[in-house]
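**Q** Sequence lines, in order, name chains V and Y.
Using the working numbering, you'd call the opening residue of the first sequence number 897 and step up by one each time.
Using the working numbering, you'd call the opening residue of the second sequence number 897 and step up by one each time.
FYI, nobody ran anything at the bench for these hints, they're computed from the structure.
Among the clues, some could well be false.
The list makes no distinction among identical chains, and a pair is therefore deemed to hold if it is satisfied within one copy or across any two copies.
[Said to hold, decoys possible] Listed next, the in silico DMTMM-like pairs over lysine to aspartate or glutamate satisfying Cα-Cα at most 25 Å (straight line): (1) K1336 x E1073; (2) K1069 x D1300; (3) K1054 x D944; (4) K898 x D970; (5) K1233 x E1141; (6) K898 x D1326; (7) K1233 x E993; (8) K898 x E947; (9) K1069 x E1240; (10) K1336 x D1127; (11) K898 x D944; (12) K1054 x E947; (13) K1069 x E1101; (14) K984 x E1240; (15) K1233 x E1101; (16) K1069 x E1302; (17) K898 x D1110.
Number of protein chains: 2
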Amino acid sequence: MKAEVLTIGDELLRGEITDSNKSFLSQRLLTLDIETRFHVTCADDRADIAEVFRRAAARSEVVLVSGGLGPTRDDITIEVLAETFGRKLVLHEPSLEALRGFFARFGREMAAINEKQAWFPEGAEVLENPIGTAPGTMLELQLAAGERSSSGRDGVRKVLFFCMPGVPRELYKMMDEQVLPRIASRRRVTSWVRASLLRTFGIGESSLDEMLRDVALPEGVELGFRTQFPDNHVRPVARAASAAEADAKLARSCEVLRERLGVLVYGTGEETLEEVTGRLMTLRGVTLSVAESCTGGMIGEVLTATPGSSAYFKGGIVAYWNDAKAALLGVPDEMLKQHGAVSEAVARAMAEGVRVRFGTDLAIATTGIAGPTGGSAEKPVGLVYVALAAANGSQVRELQLAFDRERNRRLTAQIAIDWVRRHLLGAPLDLPRLGRVERKS
Amino acid sequence: MKAEVLTIGDELLRGEITDSNKSFLSQRLLTLDIETRFHVTCADDRADIAEVFRRAAARSEVVLVSGGLGPTRDDITIEVLAETFGRKLVLHEPSLEALRGFFARFGREMAAINEKQAWFPEGAEVLENPIGTAPGTMLELQLAAGERSSSGRDGVRKVLFFCMPGVPRELYKMMDEQVLPRIASRRRVTSWVRASLLRTFGIGESSLDEMLRDVALPEGVELGFRTQFPDNHVRPVARAASAAEADAKLARSCEVLRERLGVLVYGTGEETLEEVTGRLMTLRGVTLSVAESCTGGMIGEVLTATPGSSAYFKGGIVAYWNDAKAALLGVPDEMLKQHGAVSEAVARAMAEGVRVRFGTDLAIATTGIAGPTGGSAEKPVGLVYVALAAANGSQVRELQLAFDRERNRRLTAQIAIDWVRRHLLGAPLDLPRLGRVERKS
């Protein structure tokens, strides 16, 4: 089954908006193991839309259309669909009622212009939109089998058109609740697909691939890899003849992968490292403070992005200048003079100093040269120290990063947060095995 | 002149990558006043690419293709282009030399597989790629005028195909330096377009529109608006019969707009508020420290994202818990008890406290309830105080925000940084006139 995704709207062609609906629709089709063969975008133009519809019908079996279902003059998707395939438009009374009800809920009367949204091509099925005004449409076409099609019987091939709203929230809901089940029920099911995402930090994509090369996964399970700096994620995809079997294969795969990767896996799906680490701190009743130099406040910002972070995060000191490191963190002037602000000794003193001042169980500190300037022969750009202080002592590591300023800072913050997680799990405070990261201690 | 943009690659269709090349190419075409009529993406498949090429040639006059120029088996753009339009592939010696030179610069020998990148359709023009291995191609086709085309003479119409690498850095350079000039020299020039972007903070899109409704701009200048939370930008676009005239109209428009908007305009083009504010501090030799509660380190992070920020930013204290506000910023316990941490008095004490502790000229402070929980009837979610302290006194404002946690924090940080800019320019410390922002003081 080959699919095609069409999006309609002038604003998409001007390049001012990134069209993420296409990606979403293709990703969702993949859950039914259906590949998208073409993405096409055209303007709100009658002739262009008709041409795009005709081409799609000639070469694809499932056509997903997004956009142009609104009430204004520009919104002509449904009209053009009917015209292109020789259908009349007919009024769908239940949709008209639903539209009136939608406006009534907000205490408003429906404008005449909205009535248009209750008209559909004859023979089409209406897809309800419980969270917006524009219902969707499914139209099943029976076409003469063209030369490029080999799927038809008796010279007839079927093409399914689905029209959905362009508003992402409405599109997502309609795709998942109404479109995917209709496609699934119509295709000859050969396989069910289930996928998961295991999030790892601290290992490069190729090392991850290497570590998993000989892992014994159930038959029909494939691994994909995704880089999302500074993380790398593993995506097991399980295919089976039934949904239950695919679920079971996926669960087994995740188990096997977690066993192999151990503490490198910090979470699944959409979970962030700071959420997972924050949850651990909440569970253990542990508090944290931070002393930041090169990260400039980023660790605090990342930690407090999670609602409820005040349960464990007491605060921090951003000591960008040396005199602040001395005055506010109690780093001895002598030490700063002897070792310099970017040194193992100062990183340790910062972590210990901030821990005492905030009275927290744990503290982390960063000091380094993020770049692009500020380096020397002895202390080059990318030299960074990370420290973690606890009641029973502190640990520091030196590392040499070779990214740009933004990513050097982002990676340093992530290492510091990962150390808190590792400390709470009793795991060693490893430095990441990533390309462009040299581990010096 | 109608254009079409084609991108090629399996990974684009799977929805795992957001295809930003299309947007870029369409935006650049608009500088020549050329509208894109279709965006099409297809897989690395010979038949699909050929079909897409044929359709594009039949309906568009300029076709921009990105991707599939690499050395691997998947990279077949050039081969299919030649096949589709009946051209032989011929070896381009200078490109082969350039390829060998490219590898030699990195001390490596060119692999045999790369030779492929020096073959082009007969009659095509080669576009150099000084920063990568894949040269581009321009192929000018002379086709019989089809029924949809009205632009041809004597039954012949010309179509320009440009193939460019998919690597964004290489694509951007090739588009600007080689493709746009070639298109410009071939089309019948009816107008030159010049655009600029004036960045504003502190005013909503509709208020901005309102403020500019009766502004007297030169003829042929149109205004566009772009929202980039929490900023809103104005985009004057000037059209004229010559480049010089368009430049002059644009310059005059920017002058008129700046006059009308005053201090609301903080910069142009890609400049950020923190860069502009940092430059002002550097020029005046002014230093800054911050005391953050609800922003949790975000202001420090944003300020230190700019290289060279250590010239003015000494550091900050993130006082997330109340005892930190007392112990590290000297906010009196009594005041915290009487007014609560989220109060005008505490915001002021935080700014004044951090200014003294860091010994800076200026200091800013934030305290508030970012949400989604933590509010009360008296102090609801979104209540925020911002304070600025200077040698000659301090100022505080109360405001009520109605965004989500992330945007409440982002907006608060932006207000604080904008206040530093306004203070240095001698402008009043306004609160933003944005939707969902209530100004209480």
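**Q** If a hint holds in the structure, say so; if it does not, say that too.
**A** Now for the hints, and whether the structure bears them out:
For the identical chains of this complex, K1336 and E1073 are neighbours neither inside a copy (52 Å) nor across copies (43 Å), given an alpha-carbon limit of 25 Å. Proximity of K1069 and D1300 under a CA criterion of 25 Å is satisfied inter-copy only: 21 Å between copies versus 39 Å inside one chain copy. Within a single copy, K1054 and D944 get their C-alpha atoms as close as 23 Å, and across copies as close as 20 Å, so both meet the 25 Å cut-off. Taking identical chains as interchangeable, the C-alpha atoms of K898 and D970 lie at most 25 Å apart only when they sit on different chains, with a minimum of 20 Å there against 29 Å within one chain.
Neither within a single protomer nor between protomers do K1233 and E1141 lie at most 25 Å apart by alpha-carbon distance, with minima of 65 Å and 60 Å respectively. When the C-alpha separation of K898 and D1326 is checked against a cutoff of 25 Å, the pair qualifies neither within a copy, at 46 Å, nor between copies, at 56 Å. In this assembly of identical chains, K1233 and E993 lie within 25 Å of each other by CA distance neither inside one copy nor across copies; the values are 77 Å within and 54 Å between. With identical chains, the CA atoms of K898 and E947 are at most 25 Å apart both within one copy (19 Å) and between copies (15 Å).
With identical chains, the CA atoms of K1069 and E1240 are never at most 25 Å apart, being 51 Å at best within one copy and 43 Å at best between copies. In this homomeric assembly, K1336 and D1127 come within 25 Å of each other (Cα to Cα) only inside a single copy, at 21 Å, whereas the closest approach across copies is 43 Å. Within a single copy, K898 and D944 get their C-alpha atoms as close as 22 Å, and across copies as close as 12 Å, so both meet the 25 Å cut-off. For a Cα distance limit of 25 Å, the shortest separation of K1054 from E947 qualifies both inside one copy, at 19 Å, and across copies, at 21 Å.
Taking the shortest alpha-carbon separations for K1069 and E1101, neither the intra-copy value of 33 Å nor the inter-copy value of 29 Å comes in at or below 25 Å. In this assembly of identical chains, the alpha carbons of K984 and E1240 never lie at most 25 Å apart, being 77 Å within a copy and 64 Å across copies at closest. In this homomeric assembly, K1233 and E1101 never come within 25 Å of each other (Cα to Cα): the closest approach is 40 Å inside a single copy and 52 Å across copies. Taking the closest pair of Cα atoms, K1069 and E1302 come within 25 Å of each other only across two copies (23 Å); inside a single copy the shortest separation is 35 Å, beyond that limit.
In this assembly of identical chains, the alpha carbons of K898 and D1110 never lie at most 25 Å apart, being 33 Å within a copy and 53 Å across copies at closest.
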